[in-house]
Amino acid sequence: MTEGVEQRVQRWLDEAATAMGGRPEGRRDALLELEATIFDRVDEKTREGKLPDEAVEDVLNALGDPAEVGSTFLPPAPLLPPSQARSYLLHTAVVFVAHFLVVVGATVAEHPFALGPVRILPIDNPRNVLDLLVRGLGTLFFDAGAVLAGYVLLSRLGRLSLLRRVTLGARLDARRCVQNACFLGLVFLVANFFRDNLLALYLPGPDGVTQIPFAGPGITSNLMLLDIWIVTAIARELFYAKRGERRITLVLDVVSNLFGLFALLRIVATGSLVDLSLAQSVLGLNADGVGALLNTVFVLLALVAAAILAGRVVRRSWRLKLLHR
Amino acid sequence: MSSLFDKIGAELRRGLVQIVALSLLRERLYGYQIVKILAAAGLETEEGTLYPLLRRLESQGLLLSEWDTQGSRPRKYYELSPEGRAALPRLEEVWRDITGAVGKILESDSPAVLAEAEAK
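So the sequence lines, in the order shown, correspond to chains A and B.
For what it's worth, the numbering used here labels the leading residue of the first sequence as 1, then goes sequentially.
For what it's worth, the numbering used here labels the leading residue of the second sequence as 1001, then goes sequentially.
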C-alpha cells in the first residue's frame, strides 16, 4: 500500500472521527474497524486489477460522506437529553429575567446592597437605554452558559425531572461541548490570576468595569466575550445536531473560538477579570457565592481538559502502535 | 416511486439483519465477512447499518467481540455470547411466528375474514 493511499484513507477517517460521538475508546474502536473494512475492500479491488489509488477512491466514494458514516457508526451522544432541551431554554429565560432585574436594580440604586450572597454595587456609568441593553445582553450570554453547566451536571447526576416530557428534539454533542467547556475552564484558570469581582464586570463599583481599558473604555467586558463564546458554541452544537449543517457549524466554530481567543487576549492585556479564586471557593475564605461556585466548576473543567489532552496523546500513540504492529 | 420502494425495502432488510447476523455469529466472524455473506445471500447491507447493529447487540450482551492483531491488520471478531446462544433459538421461534403471520396476511384475500377465522 503506497503512502499516498494510506494518507487518503487517514484523512477520510479523521473526517469521520470528527462526526463520531461516544466515548474516546469507542471512537478508537470504531475507527479501527472502519479502517480494516476499507482496506479489505481496497485489497479486493486491487486483486480484481484496479490500481491502489483508483481502488481507494472507489471504496471511499461507495462508503459516502465520511461525516455521515462517522455519525451513523457512532451517533453523537446528547449532552442534554432532548426531553430537557426545552426545559433548559425555559430556565435560561427565567434566570435571564432575574439577572436582568439585578442589573436594573444596580442601575437605579444609589447605594450598594446585597441579595443573598450576591453583592450589588450601583452602576456609575452613563445610565441610558443602550447601556442597559448591552448589560442585559451580557447577562443573557452569561446565563445561558451558567444554566447549561448546571443542567449538564444535574442531568449527569440523573436528578433532573423537570418538564421531562417536553421535547424540542435538539441533540447536543457531548464530546464537543465538553471540549468547549474545558477550553473555557482553561481561560478562566488563566484569568484566575487576575481576580477582581465577577459581578463587578457589569455591575461596576469603585474598581469596576470602567477601569478595564483595552481599546478605550469599552463597555464590552471580558466576561461577556466569554459568554458570547459559550452561546455561539451552544448554537453550533444545536445546528450541528439538528440540521447537520456543517458549513454553518464551521462558521460558528470559527466565530466562537475567535471570541474565546479575543477574551483571553483582553484578560492578559488588562490584567483583570473576575472574582474567581480557587483558594476562596475551596477553602471558603471570603467566598462570594456565584463567583466562587463557578470558579470551582471552571477549575475542575480545566483539570478535566488537561486530562483529556493527556489522554488524547496516549490514545494516538497507542493507536499508531496497534496499526503498525 | 422507485426510491420509495427502495426506502421501504431497505427498512425491511434492516429489520432482518439483526436475526440473520445473530444466526451467522454462531461462528466467529469479522464485520466485513458478514457484509460479504449477506451480499452473497442477496441481503445487501451497508456498513453503516451493520456495524452499529453489532455494537448494539454487543452492548446488550448477546455478542462478544475480540480484536485479533496477529494478521496483516487488526480485525474485530464477533461471536455469540452464552446469553446470545441461549436467546437465538427463542428469537428464531419469534421470527418463524412473525413470518407465518405475515405470510397468512399477505396470502389472504380479506384480512378481516382471516381475523374472524382466527378468533374461532
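Misleading hints may appear alongside valid ones.
Stated by the list, open to error - Derived SDA-like pairs (lysine to any residue); straight-line CA-CA distance at most 20 Å:
hint : chain 1 : residue 1 : chain 2 : residue 2
1    : A       : K45       : B       : I1105
2    : B       : K1104     : A       : V9
3    : B       : K1076     : A       : E35
4    : B       : K1007     : B       : R1028
5    : A       : K50       : A       : L63
6    : B       : K1007     : B       : E1044
7    : A       : K45       : A       : R8
8    : B       : K1076     : A       : G49
9    : B       : K1076     : A       : K50
10   : A       : K50       : A       : F39
11   : B       : K1104     : A       : E57
12   : B       : K1076     : A       : L32
13   : B       : K1076     : B       : R1055
14   : B       : K1036     : A       : E35
15   : B       : K1007     : B       : K1076
16   : B       : K1007     : B       : R1055
17   : B       : K1036     : A       : R8
18   : B       : K1036     : A       : T46
19   : B       : K1036     : A       : A17
20   : B       : K1036     : A       : L60
21   : B       : K1076     : A       : V9
22   : A       : K45       : A       : R27
23   : A       : K45       : B       : S1072
24   : A       : K45       : A       : V9
25   : B       : K1036     : B       : I1019
26   : B       : K1036     : A       : Q7
27   : B       : K1076     : A       : E57
Rather than coming from a laboratory, the hints here were simulated on the basis of the structure.
All figures in this text were calculated on a predicted structure; none of them were measured in a lab.
Taking the hints in turn, this is what the structure says about them:
1. Distance restraint check for K45 (chain A) and I1105 (chain B): the Cα-Cα separation of roughly 44 Å exceeds the 20 Å cut-off, and the hinted pair is therefore not satisfied.
2. Proximity of K1104 (chain B) to V9 (chain A) is assessed by CA-CA distance (about 49 Å); at most 20 Å being required, the pair is judged violated.
3. Taken as a hint, the K1076 (chain B) and E35 (chain A) pair is honoured in the structure, with Cα atoms around 11 Å apart against an allowance of 20 Å.
4. Between K1007 (chain B) and R1028 (chain B), the direct Cα distance comes to roughly 31 Å. Violation of the 20 Å bound is thereby established for this hinted pair.
5. A hinted pair counts as satisfied when its Cα atoms are at most 20 Å apart, and K50 (chain A) with L63 (chain A) qualifies at roughly 17 Å.
6. Restraint check: the Cα-Cα separation between K1007 (chain B) and E1044 (chain B) comes to about 13 Å, which is no more than 20 Å; the hinted pair holds.
7. Between K45 (chain A) and R8 (chain A) the CA atoms are separated by roughly 16 Å; this keeps the pair inside 20 Å, and the hint holds.
8. Annotation: proposed proximity of K1076 (chain B) to G49 (chain A) is violated, straight-line Cα distance about 27 Å (limit 20 Å).
9. For the hint pairing K1076 (chain B) with K50 (chain A), the CA-to-CA distance comes to about 26 Å; that exceeds 20 Å, so the pair is violated.
10. Proximity of K50 (chain A) to F39 (chain A) is assessed by CA-CA distance (about 14 Å); at most 20 Å being required, the pair is judged to hold.
11. At most 20 Å may separate the alpha-carbon atoms for a hinted pair to count; K1104 (chain B) and E57 (chain A) exceed this at roughly 47 Å.
12. Only pairs whose Cα atoms come within 20 Å are accepted, and K1076 (chain B) paired with L32 (chain A) is accepted, the gap being roughly 9 Å.
13. Simply put, K1076 (chain B) and R1055 (chain B) have alpha-carbon atoms about 11 Å apart, close enough for the 20 Å limit, and the pair holds.
14. About 16 Å separates the Cα atoms of K1036 (chain B) and E35 (chain A), which keeps this hinted pair within 20 Å; it holds.
15. At most 20 Å may separate the alpha-carbon atoms for a hinted pair to count; K1007 (chain B) and K1076 (chain B) exceed this at roughly 30 Å.
16. Note on K1007 (chain B) and R1055 (chain B): the hinted pairing is violated, with a Cα-Cα distance of about 23 Å set against a maximum of 20 Å.
17. Annotation: proposed proximity of K1036 (chain B) to R8 (chain A) is violated, straight-line Cα distance about 24 Å (limit 20 Å).
18. Using a Cα cut-off of 20 Å, the hinted pair K1036 (chain B) and T46 (chain A) holds, with the two alpha carbons roughly 17 Å apart.
19. For the hint pairing K1036 (chain B) with A17 (chain A), the CA-to-CA distance comes to about 25 Å; that exceeds 20 Å, so the pair is violated.
20. The hinted pair formed by K1036 (chain B) and L60 (chain A) meets the criterion: a straight-line CA distance of about 17 Å does not exceed 20 Å.
21. For the hint linking K1076 (chain B) to V9 (chain A), the alpha-carbon distance of about 19 Å falls within 20 Å, and the restraint holds.
22. Note on K45 (chain A) and R27 (chain A): the hinted pairing is violated, with a Cα-Cα distance of about 27 Å set against a maximum of 20 Å.
23. Restraint check for K45 (chain A) and S1072 (chain B): the C-alpha separation of about 17 Å stays at or below 20 Å, so the hint holds.
24. Distance restraint check for K45 (chain A) and V9 (chain A): the Cα-Cα separation of roughly 15 Å lies within the 20 Å cut-off, and the hinted pair is therefore satisfied.
25. For the suggested pair K1036 (chain B) and I1019 (chain B), the alpha carbons sit about 16 Å apart, so the restraint of at most 20 Å is met.
26. Restraint check for K1036 (chain B) and Q7 (chain A): not satisfied, since their Cα atoms lie roughly 26 Å apart, outside the 20 Å limit.
27. At most 20 Å may separate the alpha-carbon atoms for a hinted pair to count; K1076 (chain B) and E57 (chain A) exceed this at roughly 24 Å.
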